[in-house]
Structures are given as C-alpha cells and as structure tokens.
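Undergrad: As a plain string of letters, each chain reads:
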Amino acid sequence: MIPALIVFAYLGIVLYIGIFAFRRSKGSTEDFFLANRALSPAVFLLSLFGTNMTAFAILGSSGMAYARGIGVFGLMASSSGIVIPLTIFFIGTRLWALGKRFGHMTQVQFLRDRWECSGIGTFLFALTAAMLVPYIIIGVMGGGQTLETISVITGPDGSPVLGPDGKPQHWVSYEVGGAIVAIVVMSYVFFGGMRGTAWVNTFQTILFLTFGTIAFVLIARSLGGFDKIMAELAANPRTAPLLSRERIPAQEFFSYMFIPLSSIMFPHISIMCLTAERIGHFRKTVILYPLCIAAIWIPSVYLGVVAAGRYPGLGPGEADDVIIRLLTDHVPVVLSGILGAGIMACVMASDSQILALSTMFTEDVFAYYGGRRRFGERAQVWTGRAFVVAIAITAYLIALELKDQASIFELAIRFAFSGFAALAPIMLAALFWKRSTKWGALAASAWVAACVIATWWLTAYSDPIAPRPPRPRPAASAQAGPRGSQAGDMHGAPAGLQPSPAPPGTRSAPRAGTPSPGARPGGPPPAAPQPVRVFPQLGDLFLRGPTNVTVYGYLPVMPMVLGSALLMIVVSLLTRPPSRETLDRYFPPREAARVPEAASAA
Amino acid sequence: MKWGLAALVAGVILLHQDFWNWTNKTLVMGFLPIGLVYHAGYAVLASLTMAILVRLAWPHELEQVQPERPVGSEAEL
Numbered sequence: 001m002i003p004a005l006i007v008f009a010y011l012g013i014v015l016y017i018g019i020f021a022f023r024r025s026k027g028s029t030e031d032f033f034l035a036n037r038a039l040s041p042a043v044f045l046l047s048l049f050g051t052n053m054t055a056f057a058i059l060g061s062s063g064m065a066y067a068r069g070i071g072v073f074g075l076m077a078s079s080s081g082i083v084i085p086l087t088i089f090f091i092g093t094r095l096w097a098l099g100k101r102f103g104h105m106t107q108v109q110f111l112r113d114r115w116e117c118s119g120i121g122t123f124l125f126a127l128t129a130a131m132l133v134p135y136i137i138i139g140v141m142g143g144g145q146t147l148e149t150i151s152v153i154t155g156p157d158g159s160p161v162l163g164p165d166g167k168p169q170h171w172v173s174y175e176v177g178g179a180i181v182a183i184v185v186m187s188y189v190f191f192g193g194m195r196g197t198a199w200v201n202t203f204q205t206i207l208f209l210t211f212g213t214i215a216f217v218l219i220a221r222s223l224g225g226f227d228k229i230m231a232e233l234a235a236n237p238r239t240a241p242l243l244s245r246e247r248i249p250a251q252e253f254f255s256y257m258f259i260p261l262s263s264i265m266f267p268h269i270s271i272m273c274l275t276a277e278r279i280g281h282f283r284k285t286v287i288l289y290p291l292c293i294a295a296i297w298i299p300s301v302y303l304g305v306v307a308a309g310r311y312p313g314l315g316p317g318e319a320d321d322v323i324i325r326l327l328t329d330h331v332p333v334v335l336s337g338i339l340g341a342g343i344m345a346c347v348m349a350s351d352s353q354i355l356a357l358s359t360m361f362t363e364d365v366f367a368y369y370g371g372r373r374r375f376g377e378r379a380q381v382w383t384g385r386a387f388v389v390a391i392a393i394t395a396y397l398i399a400l401e402l403k404d405q406a407s408i409f410e411l412a413i414r415f416a417f418s419g420f421a422a423l424a425p426i427m428l429a430a431l432f433w434k435r436s437t438k439w440g441a442l443a444a445s446a447w448v449a450a451c452v453i454a455t456w457w458l459t460a461y462s463d464p465i466a467p468r469p470p471r472p473r474p475a476a477s478a479q480a481g482p483r484g485s486q487a488g489d490m491h492g493a494p495a496g497l498q499p500s501p502a503p504p505g506t507r508s509a510p511r512a513g514t515p516s517p518g519a520r521p522g523g524p525p526p527a528a529p530q531p532v533r534v535f536p537q538l539g540d541l542f543l544r545g546p547t548n549v550t551v552y553g554y555l556p557v558m559p560m561v562l563g564s565a566l567l568m569i570v571v572s573l574l575t576r577p578p579s580r581e582t583l584d585r586y587f588p589p590r591e592a593a594r595v596p597e598a599a600s601a602a
Numbered sequence: 603m604k605w606g607l608a609a610l611v612a613g614v615i616l617l618h619q620d621f622w623n624w625t626n627k628t629l630v631m632g633f634l635p636i637g638l639v640y641h642a643g644y645a646v647l648a649s650l651t652m653a654i655l656v657r658l659a660w661p662h663e664l665e666q667v668q669p670e671r672p673v674g675s676e677a678e679l
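For the protein sequence lines, the chains are G and X, in the order given.
If you count the first sequence from 1, position 59 lands on 59 in this note's numbering, and the numbers rise without skipping.
If you count the second sequence from 1, position 48 lands on 650 in this note's numbering, and the numbers rise without skipping.
A portion of the hints provided could be inaccurate.
Claimed, not checked - Taking CB as the label site, the calculated pair distances span:
id: 1; chain 1: G; residue 1: R221; chain 2: X; residue 2: A659; range: 38 to 46 Å
id: 2; chain 1: G; residue 1: R585; chain 2: X; residue 2: H662; range: 13 to 21 Å
id: 3; chain 1: G; residue 1: P332; chain 2: X; residue 2: P661; range: 42 to 50 Å
id: 4; chain 1: X; residue 1: Q619; chain 2: G; residue 2: I465; range: 25 to 33 Å
id: 5; chain 1: G; residue 1: K26; chain 2: X; residue 2: L607; range: 39 to 47 Å
id: 6; chain 1: X; residue 1: A659; chain 2: G; residue 2: D584; range: 21 to 29 Å
id: 7; chain 1: G; residue 1: P332; chain 2: X; residue 2: A609; range: 44 to 52 Å
id: 8; chain 1: X; residue 1: G613; chain 2: G; residue 2: E232; range: 33 to 41 Å
id: 9; chain 1: X; residue 1: E670; chain 2: G; residue 2: I465; range: 55 to 63 Å
id: 10; chain 1: X; residue 1: G613; chain 2: G; residue 2: I465; range: 36 to 44 Å
id: 11; chain 1: X; residue 1: N626; chain 2: G; residue 2: P332; range: 33 to 41 Å
Calculated from the structure, these hints are not laboratory results.
Note that beta-carbon positions come from the ideal geometry of N, C-alpha and C, so glycine has one too.
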C-alpha cells in the first residue's frame, strides 16, 4: 500500500503544480499554449528532456539490456545523444526564430505559410494527430493498470487477498485508476497549459536524476560492488554475450541511427522548442542533452545486465521489472517507493501529447478557419481547454472499451516513430532548401503515410510465420495485460521516446531471484531466432523477425527516410517553387539581412 | 570552417558504429564492459561536438529576430 500512497502523493503534487501555474497565466493563447515563450534555461532543458523521457528509459531499457546486453545503450541512447541535439540545433532554433518572427505556434502553421498551401497543412495535421492519439490512450491504460497493480490488497502474511473469481483484489480498480489518471493529467494541463506541463516535466526529471543516482549507489553498495557479478557473467557462456553487442545485428544497430530523427518531428517536441525565452537557451540544452541521456540510460542498462546475473531465467515480459526488483531488494522502502512513483507516473504521463493536440486543433483548425477572428483570443484559449477535456474523456472511454486491445496501440506507436522520422526531410527542406515545393512535401508525406500502412499490413500478414523464441512461461505472457510491450521488441523508438513498458508487477512476475516455472536456468533467453522471408520469391527484401519486419535486415525507418528525402528532391525539382515574395520572407536576401545586424551593432 | 564542421559531425556519427567492439567483452577496471565505456565516452564526445558547434556555428543572425505580425494567422475565407 505504501507505493500507492506515494503515487497518490505524487499525483497531488503535480496537480498543485498545474494550479500554481494557472495563477501565473495571462489568458492569451501564447501564454496558455507556449508559456508566453518565456521558459528559463533550466526549465527549458529539463522539461524538453523530461518530455522526451518515458518510463522505457528506466524499465524497458533495463529489461532489454537483460535480454540483449550492454549494446542497448549504443543502440538507443548514444545514437539519440548525438542525433537529437543536432536536430534541436539545426531545426529547433530555426523553428523558434520563425515562431517568434511570424507568430507560428505549430509546425503546420509554418509549413502552410512556407509553401503557400493549405492542403499540406491539413494533411500533415491529420497524419501527425493520427500518430499521436495512441500515446494518449496508452497513457490512460497504463495509469489504470498501474494504480490497480500497486493497490493490491494483501493479507497478514503479505500475500494478495483473492476475490470470488480467484483473482487478486485491489483498492483501486483499472477503471477507477484510469479515471484518476485522466482527471489529474487533464486538470494540470487544463489549468496550467504549457507552463504547468513544463514544470511537471521539470519536477519529474529532477526526481529521476536525484533519486536514481542515490539508488544506483545504494544498490552497488548492497551488492558489495559489481566486480564479482560481472566476472560471473563473463565466465558463463550463456551470459557472456551480454557484455558485448553479439545479440544485436549490425543492420539493426546501423538503422537505429535514423529513429531519433523522429524526436523533433513530434508535435509536442517541436512546440516545446517555441517556449524558450531566448535562443541562447538552446546552447546549454544541446550541450547537456547527451550527458542527461547518459545519466539516465547507463545505470538502467548496466543494472539490466547485473540483473541477468542476479535473477536468471526471466521471460521477455518479466524482465521489464528487473529495476523494480533490484530497488525492492537493495534500497530502503521509502526511497524505492519515491523512485517507483516517478517511474509509474512516467508510465501514465501523456500531458505533452494532450497539450500538443489541443494546440494543433485550436491553431491549425479553429483559428485557421476563422474561429479566432469571430470569437476572439479568449474563446480560443477556452476552446483549447475544452479540447483537453474532450481528449481526456475520449481516451478514457477508449481505454475502457478496448482494455484488452492495447497491443493495437502499442503497435501504432512503434510505427509512429518511423513515420515521424521519415517526415524530417520535409522539415529540413522547408527550412534550408529554397527550391523545395509543396508538391515535393505532399509526395513525401504521402510516401510516409503509405509506408506506415504498408509496414502495419506486412507485420500483420507475416504474423503467422514469425519465428517464435522459446517461451519460458506461456501463461505469464498471455497475462501480459494491456501494456504488453516487451523488452527486445522496441524497434523504432529513440532514447526516452519509447512507449512505456508494462508497469511493475502486471505480468504476475515471480518473486525476486525466483526463476519462472519452465525457465531455463543459468541466464536470460538465447539470441532471437533467425528471421524468415515474408515472400520467398523476393529473397531477403522483407524478412520477418519475432516482432517486426525488416528490409534486407534494416529497420523500415531507413528506406522510409531515404525515400521521403528522394521524393522531396525529385518532385520539388519538377514543380514550381513558391512565389518570390514568400521566398524572400523565409530566405531574406543577404543585403536585407545585413541591415538589421548593422543597426543592432550601431 | 563550414566544411570542417560538417566533416566533424560526419566523423562523430561514423564513430557510433564501433564494429571493432562488437564481440569485445573486456571489463574496464574489472566491472565496466568496454562497449559500454566506449559509448559512455561517445556521449561525452557528442556533448563536446555540440559545444564546438555552439561555439563556431551558432546562428547569431537568429538572435536579432523580432516579431513581424500578430500571432495566429487565419485563412482567407
């Protein structure tokens, strides 16, 4: 019950932060949706990082490292550590400047104006909204599942009290837990807008970095140092590969570099870039970002490998809980409860996505089609707030209705990462290539949409022939519940952006140190089985692995990004560019650009 | 300068593919796998690279940007 109380305390704090932010609001659209473009450097860095960080950075990464080894850090984290800061440096700063100059609050506003085309904006609005909605639904589902799990009623001996149906009883049901989470997130976004969301993310990031470091040190001391465990892992032929990258194919490692391109294309990240008070705030952000990623991911991945020695034989789903097991076994209950609360709050967090959708709706639809002119700015802010409520209620109802269909949304999120990454060439062309045209952008967008649908279809089509790894405990995996993402199947998500794994305990995990019935003793499962050809007549073009389809062994994101860039270039060269007037606004002639600089210098 | 920085960024991105560490299980200081140490160092290198870009390729022209029109443009209906 202690973890549940700590989570409720956490929810109370974030609710208060939202209400506190409301007191600072000024009632304008820029204030509600962009915190008046006035976030301080520290809040900007921590909230941007916190927005990018989900529970996968702690739980899923350690679970994946348990199965695939230390290479997970290079695969997902250090690649993000260079690509995401580069995109913030080259794209984020330009978006910030254009937003300040022309008043843009969303990507769609910029692209509509840049290419003199309403259609490209509408198409991209629909595409990005469709790829964002599953996040919000999963967030509510994760919240309900988490609160239900941690509020299990226990008897005097500590074992769960079973109901008439033979299942454990809980103080908070899935339905009530989902409602609590939806109401809390909705409330602080409703009241606090971007300011409240940024402050909550900042609070969450500080909590992780502080208590995570303390916990890592305490675990190391409790285990008597890591030397002995690492030596044992190296001596065991089943676990020795975890100390290298043997369990990660080279093509997968290479193509993962494309995935972090998605970060800046996520609406909530690009909108966050508009909130900095000065462009100088980006300096520290891009320099410190790789170090922040390393600070979160290195301990998580390392502890995942350590756990392979401590808790051998866990199945793929169970391995997501290894950090919680280490915390429970080696850290005082209050500290582990605080960290657990932060992790579980991360599982349920969907605030940034809700606010981004609300911003997009009110700016790209309501204001664009005359609502602001007719009803005024105040009405636009209240429309945004009403949209927040509508999204939260809709997500909650879907979470109730499709409680057992979460895998659909998990899959949608996985494909969304590839989709957003493949939209990056469009943004790069809009910002840096004068000759780019709306037709090039439309062709690239259509390619992305078609590829996402085709990948989904290929995955579903090839499911029956997918090679299956040996299942240590089929019954456990069948009970994976609505948050069924498992370590090792997270293809297509950069560091911190991955969909959150199942909350601790949702897979009927055995007690710490106790292998599952039927599990192989002596270590984590062996390497994934060899992929099979989806269409034998096409050779290795489409290969089906245990969880996904690849193209000649590379993740689909790679051909998607390259195809998007190629279409952008070819179609743009074949069609008419925007008017000279528009080009001069976005690419001022050198002489005109020098005038304000000279005036400023004078 | 511009091409030098582009080469630096390309070089750093290439260094991410440390194929020479693929099967190396050496433990640095007895408890840190060398592949993890390499990529921890890579994170530091990424941070230094960004510091160099901030120092030498910062878009100073964007610091002069001023608002040109009210926010929230609307369609001509």
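Undergrad: Next, verify each hint and record whether it holds.
TA: Evaluated hints:
1. G/R221 x X/A659: 38 to 46 Å: At 44 Å between Cβs, range holds.
2. G/R585 x X/H662: 13 to 21 Å: Holds, since G/R585 and X/H662 (Cβ atoms, about 20 Å apart) stay within the stated range.
3. G/P332 x X/P661: 42 to 50 Å: Holds, at about 48 Å.
4. X/Q619 x G/I465: 25 to 33 Å: holds, 31 Å
5. G/K26 x X/L607: 39 to 47 Å: holds, 41 Å
6. X/A659 x G/D584: 21 to 29 Å: Roughly 24 Å apart at Cβ, these two residues keep to the hinted range, so it holds.
7. G/P332 x X/A609: 44 to 52 Å: holds, 51 Å
8. X/G613 x G/E232: 33 to 41 Å: Since the Cβ atoms of X/G613 and G/E232 sit about 38 Å apart, the hinted range of 33 to 41 Å holds.
9. X/E670 x G/I465: 55 to 63 Å: holds, 57 Å
10. X/G613 x G/I465: 36 to 44 Å: Roughly 41 Å apart at Cβ, these two residues keep to the hinted range, so it holds.
11. X/N626 x G/P332: 33 to 41 Å: About 37 Å separates the Cβ atoms of X/N626 and G/P332, which means 33 to 41 Å holds.
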